[in-house]
Amino acid sequence: MSTSAALDIIDRYFTCEFTTLSRAGSPVTWPVSPRLQADGRFLLTTSIGMPQKAFNIRRNPKVSLLFSEPTGSGVAQPAAVLIQGDAIAEDRIVTDVSSDPDLAALMETVSKRQPAGAFWSTWLGKRLMWPYYVRLLIYVTPRRALSWPTRDFTRPPEELDVTEVHRVG
Amino acid sequence: MWDDAAKWLNKFGEAVLTVIDTNGYPASVRVSTSGYDRASGELAVSLPAEIDGANGPASLLCHSHDEKLWSLQMITINGTVQQRDGAWIFRTESFTPPSKLAVLDFIRNARRSAQKYLDKRGLPRPQVNWAEVKEVQRRAKAARTAKT
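Heads up: the sequence lines are chains A and B, in that order. Per numbering that gives the first Met the number 0: the first sequence = residues 0 to 168. Per numbering that gives the first Met the number 0: the second sequence = residues 0 to 147.
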């Protein structure tokens, strides 16, 4: 699988399965929507109402992201990409989506893909779930990248050149 | 003993298996859930050698969303993986089926955790820049409209 095909999967899949490690060393996996940046790092965010990802990363930075869910992506030939890397979870609390261009782009992409998510900024949504837009930023630096060109996980994965995994254009 | 877990796994058909590799990094693959044994809580799984998985903690995540990234569903089963006679076996240790009031639980827990996060750091509740949120939504809506 070419790196550009893998980047297409990363860009077009709505979610990936993001894993951090608990205090006890067990994997904890959530579906999340990340954005690959031009510098090769992935940007993710989590509400301060769901801070466990950040707590886990501050104890142990080792994480993984599996892009394996093609629903809604329009990808004709679904593949899968696994990224393993080291994460940092910032202490800074972000409440302004325009404070960082990549964050603004990520929020715009999620908003485009999830029209019903606009509920969280309605009068009722703000009252029910005030922490939704009170967020922590997580950055993942990839260390290893594997791909399954036909999404057949019984086949051996192909190793990708991790230095080529970054947003282009 | 693991009837609920079997029921939910059957509903999804496939799961994301996450193990820890020998370098200490998590690694995930998709596995079929069809062979799950409801009595033992065991599932024979395929784990490529390139993953270099280690015996130890593991989990199964099933999740789904629709074409508009809505109707979200997810379950998690915690357990371990072990290599036996060259084959990998996931063994269930805990499973809590999702509550019928999952959305309300989610909101209640998130509000509580958020307040605790702020209190622990002596921070007031921060003000969200709603104008920028609306601007992002406006651009997203315009892009959706232009696409159709």
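Honestly, the hints are just simulated from the structure, not real lab data. Treat the numbers as computed from the prediction; the structure is a model and nothing was measured. Any given hint could turn out to be false.
Listed next, with one range per pair, are the computed distances between beta-carbon atoms [claimed, not checked]:
1) A:Asp160 - B:Leu103: 39 to 49 Å
2) B:Ser93 - A:Ser98: 35 to 45 Å
3) A:Arg91 - B:Glu66: 31 to 41 Å
4) B:Asn54 - A:Val167: 31 to 41 Å
5) A:Gly124 - B:Gln82: 41 to 51 Å
Note that the Cβ used here is the ideal one computed from N, Cα and C, for glycine as well.
Hints and how they fare:
1. A:Asp160 - B:Leu103: 39 to 49 Å: holds (46 Å)
2. B:Ser93 - A:Ser98: 35 to 45 Å: The hint (35 to 45 Å, Cβ to Cβ) holds, given that serine 93 of chain B and serine 98 of chain A are roughly 39 Å apart.
3. A:Arg91 - B:Glu66: 31 to 41 Å: holds (34 Å)
4. B:Asn54 - A:Val167: 31 to 41 Å: holds (39 Å)
5. A:Gly124 - B:Gln82: 41 to 51 Å: holds (47 Å)
In summary, this structure violates none of the numbered hints.
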